[in-house]
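**Student:** Respectively, the protein sequence lines represent chains L and U.
For what it's worth, the working numbering labels the leading residue of the first sequence as 1, then goes sequentially.
For what it's worth, the working numbering labels the leading residue of the second sequence as 1, then goes sequentially.
Please note: incorrect hints may appear among the correct ones.
Derived lysine-lysine pairs resembling DSS-like cross-links, with alpha carbons at most 27 Å apart [stated by the list, open to error]: (1) L:K53 to U:K354; (2) L:K45 to U:K172; (3) U:K354 to L:K45; (4) U:K10 to L:K146; (5) U:K382 to L:K53; (6) U:K382 to U:K357; (7) U:K172 to L:K41; (8) L:K45 to U:K125; (9) U:K354 to L:K25; (10) L:K45 to U:K382; (11) U:K354 to U:K262; (12) U:K13 to L:K2; (13) L:K39 to U:K382; (14) U:K308 to L:K53.
Derived coverage of chain L by chain U (criterion: at least 3 residues anywhere in the stretch with Cβ under 8 Å from a Cβ of chain U; other residues may be distant) [as the list claims (entries may be wrong)]: (15) 4 to 17; (16) 72 to 82; (17) 86 to 94.
Label-pair restraints from in silico Cβ distances [said to hold, decoys possible]: (18) L:E31 to U:D43: 29 to 37 Å; (19) L:K41 to U:Y320: 21 to 29 Å; (20) L:K41 to U:T375: 32 to 40 Å; (21) L:V26 to U:K196: 41 to 49 Å; (22) L:V26 to U:G51: 25 to 33 Å; (23) L:T135 to U:L222: 54 to 62 Å; (24) L:E79 to U:R133: 30 to 38 Å.
Since the hints were derived computationally from the structure, they do not count as laboratory data.
Positions of the beta carbon are idealized from the N, C-alpha and C atoms, including for glycine.
Below, each chain spelled out in residue letters.
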Amino acid sequence: MKNNINISGLSEYVHEVLDCPTQAKVNYGVEVDWLSGTKTKATVKNMNLGDQKLVRNFTFEIDEPNQLLGLNTNPTPQEYLMAGVAGCMAVTFVAGATLLGITIESLKIEIEGQLDLCGFLGLESTQPTGFKEFTCNIHVNGNGTKEQYEVLRNRVMNHSPNFSSLVSGVKMNPEIIIKT
Amino acid sequence: MDIKDDTWFKDLKRKRVSGPEINGNSYRNYGESTKCVHAGQYDDPNTNAIGTPIFQNSTFYLNDSVYKAIEEGSTRDSFIYSRYGNPSQWAVQEKISSIENAESSIVFSSGMAAISSTILALIEKGAHIVTSRDLYGGTYNLLYEDLQKYGISVSFVDMTNIKEIEESINPKTKLLYFESLSNPLLKFAPIPSLVKLAKENGCRLVIDNTFLTPYNLKVLDLGVDIVINSATKYLGGHSDLIAGTISGSRKLIDQIWPQMLKNGGSLDPHACFLLERSLKTLSLRMRTHNDNALELAHFFQNREEIKKVYYPGMDSHPQYDLINHLTDGKFSGMISFEIIGGDKMALRLLKELKLAKEATSLGGVESLISLPFNTSQASLTKNQKKSIGINEGLIRLSVGIEDIEDLKYDFEQAFNKIFNNN
Chain L
1 MKNNINISGL
11 SEYVHEVLDC
21 PTQAKVNYGV
31 EVDWLSGTKT
41 KATVKNMNLG
51 DQKLVRNFTF
61 EIDEPNQLLG
71 LNTNPTPQEY
81 LMAGVAGCMA
91 VTFVAGATLL
101 GITIESLKIE
111 IEGQLDLCGF
121 LGLESTQPTG
131 FKEFTCNIHV
141 NGNGTKEQYE
151 VLRNRVMNHS
161 PNFSSLVSGV
171 KMNPEIIIKT
Chain U
1 MDIKDDTWFK
11 DLKRKRVSGP
21 EINGNSYRNY
31 GESTKCVHAG
41 QYDDPNTNAI
51 GTPIFQNSTF
61 YLNDSVYKAI
71 EEGSTRDSFI
81 YSRYGNPSQW
91 AVQEKISSIE
101 NAESSIVFSS
111 GMAAISSTIL
121 ALIEKGAHIV
131 TSRDLYGGTY
141 NLLYEDLQKY
151 GISVSFVDMT
161 NIKEIEESIN
171 PKTKLLYFES
181 LSNPLLKFAP
191 IPSLVKLAKE
201 NGCRLVIDNT
211 FLTPYNLKVL
221 DLGVDIVINS
231 ATKYLGGHSD
241 LIAGTISGSR
251 KLIDQIWPQM
261 LKNGGSLDPH
271 ACFLLERSLK
281 TLSLRMRTHN
291 DNALELAHFF
301 QNREEIKKVY
311 YPGMDSHPQY
321 DLINHLTDGK
331 FSGMISFEII
341 GGDKMALRLL
351 KELKLAKEAT
361 SLGGVESLIS
371 LPFNTSQASL
381 TKNQKKSIGI
391 NEGLIRLSVG
401 IEDIEDLKYD
411 FEQAFNKIFN
421 NN
């Protein structure tokens with residue numbers, strides 16, 4: 001299979017969704033338990049894809065570097081956020097390349113961003129608490145043309161769910177549930 | 001490449017279709033016997049020979065369309081290599097799909113190859129399976145001994161107790177796996193209730209329908225996701241081949257097919273030929289198996305040498321009404337019964353029979369008879385056997401298609417010999 005992407009299966013799924021739009025609905029979830037200090041452990045919840053339940057048996061830990069009060073045992077929440085966006089962009093880019101008949105030899109997506117921790121610390125600042133901007137480089141090697149890769153970049157910006165969530169924003173209003 | 005501004009996945013054209021098919025005529029609107037005879041059969045256009053040839057080849061010419069299929073991932077619909085697919089497999093698979101009312105089927109080199117590939121394909125790491133305590137030993141061993149290596153947990157329950165099944169389902173439960181009729185006590189899986197439970201909990205329901213066969217009950221029509229058969233039994237029907245089948249939606253069968261490629265277990269073309277030929281007479285054979293078993297079960301019930309008869313077609317069976325309703329009075333050819341005098345007399349009976357062969361397996365044209373205590377349940381202690389209802393003197397009989405009067409006479413003469421020393 002080109003790029004190890006089953007484009008026939010993807011095509012069949014597109015038509016399955018056209019026939020039954022609920023097959024496009026995917027539910028995700030994670031639970032993050034505080035372990036100690038800056039360390040937390042994420043457990044992935046079951047997914048629902050259309051009428052299917054997908055059992056997810058994955059956990060990972062999150063930490064901070066020593067300089068930010070952590071033990072430096074695992075990536076930071078910010079790094080997971082960036083990786084989650086880049087991973088989603090990569091899938092979208094490669095699947096799109098396959099659709100266009102391009103063979104990808106290598107792909108690296110690089111994301112960097114700067115936080116101003118004044119917001120976290122509660123100090124007076126004109127800067128937002130979160131990231132203001134990410135820089136992103138897509139390093140690609142394959143048999144596509146520059147024009148095709150630029151089209152693919154635009155497709156990623158339109159169709160990558162995590163990219164879209166990040167740039168469009170996601171509503172979120174945490175509620176407190178007191179455990180007795 | 002010229003790319004339209006909005007070209008994206010929505011522009012892909014390939015739709016999922018039933019199959020793969022070599023014949024293209026499933027005879028879906030025809031009766032059972034017609035389907036059995038005609039569906040899937042590939043008549044060679046070059047020679048005008050009637051009947052699917054045995055395509056005894058491991059590989060096929062590569063060409064542009066095959067290269068395209070490899071590139072796009074549609075290799076299940078091309079002939080590339082016989083583990084992936086072979087015309088002999090496609091022909092018999094098409095016939096099985098027609099008989100099962102399925103979109104797609106796969107034939108395997110054994111029932112266990114079908115079972116293991118199906119289970120491994122449908123579960124994820126960390127998933128949970130609910131199944132029966134009365135499972136066929138091979139399936140039980142796979143679930144009990146091997147699956148924990150892959151992080152899979154299994155609950156074994158009373159297959160007739162829907163409350164116990166429901167209570168054993170947890171958020172990780174992905175698969176409900178049951179046999180429509182259990183071995184050897186012929187308990188019936190309450191399929192409509194299981195379908196409801198599976199839907200409510202987002203689980204897949206897999207039914208091993210080996211003992212009943214699609215002739216007697218089409219479980220896919222009831223909402224089951226995947227049906228499995230050990231084709232070694234009734235589908236093959238002549239005790240001369242080892243094979244397994246799965247059938248269901250094209251979507252789910254496509255999900256299991258790559259697992260078959262990884263596990264191996266594809267069916268040899270010659271065995272495909274035997275299976276396809278056997279299926280042509282499935283309806284004929286099953287009618288006789290059903291009729292003979294029903295009459296023999298009543299014959300046993302009236303014999304003073306027999307303590308208890310287990311047969312789903314007798315109103316003494318606790319689930320008779322449900323089975324009768326679902327199968328429209330077709331109960332298959334398996335009978336179990338307990339003989340007075342325990343295992344010792346059971347062993348003697350087997351030696352005195354002239355027609356029923358003392359052998360394991362079932363579903364052949366010839367009657368096959370065996371004792372659970374020294375075959376399928378041999379590893380259990382006496383107490384364990386008792387706890388699951390395997391009592392002293394239990395005999396399992398696969399009723400063949402011999403003349404019923406001959407079968408009755410055979411048992412009568414054997415009873416007379418062992419009880420009266422005549």
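**Student:** Could you run down the list of hints and mark each one as holding or not?
**Tutor:** Here is what the structure says about each hint:
no.: 1; hint: L:K53 to U:K354; verdict: violated (53 Å)
no.: 2; hint: L:K45 to U:K172; verdict: holds (10 Å)
no.: 3; hint: U:K354 to L:K45; verdict: violated (61 Å)
no.: 4; hint: U:K10 to L:K146; verdict: holds (23 Å)
no.: 5; hint: U:K382 to L:K53; verdict: violated (41 Å)
no.: 6; hint: U:K382 to U:K357; verdict: holds (26 Å)
no.: 7; hint: U:K172 to L:K41; verdict: holds (20 Å)
no.: 8; hint: L:K45 to U:K125; verdict: holds (13 Å)
no.: 9; hint: U:K354 to L:K25; verdict: violated (62 Å)
no.: 10; hint: L:K45 to U:K382; verdict: violated (44 Å)
no.: 11; hint: U:K354 to U:K262; verdict: violated (45 Å)
no.: 12; hint: U:K13 to L:K2; verdict: holds (17 Å)
no.: 13; hint: L:K39 to U:K382; verdict: violated (54 Å)
no.: 14; hint: U:K308 to L:K53; verdict: violated (43 Å)
no.: 15; hint: 4 to 17; verdict: holds (count 11)
no.: 16; hint: 72 to 82; verdict: violated (count 0)
no.: 17; hint: 86 to 94; verdict: violated (count 0)
no.: 18; hint: L:E31 to U:D43: 29 to 37 Å; verdict: violated (60 Å)
no.: 19; hint: L:K41 to U:Y320: 21 to 29 Å; verdict: violated (53 Å)
no.: 20; hint: L:K41 to U:T375: 32 to 40 Å; verdict: violated (50 Å)
no.: 21; hint: L:V26 to U:K196: 41 to 49 Å; verdict: violated (25 Å)
no.: 22; hint: L:V26 to U:G51: 25 to 33 Å; verdict: violated (48 Å)
no.: 23; hint: L:T135 to U:L222: 54 to 62 Å; verdict: holds (57 Å)
no.: 24; hint: L:E79 to U:R133: 30 to 38 Å; verdict: violated (48 Å)
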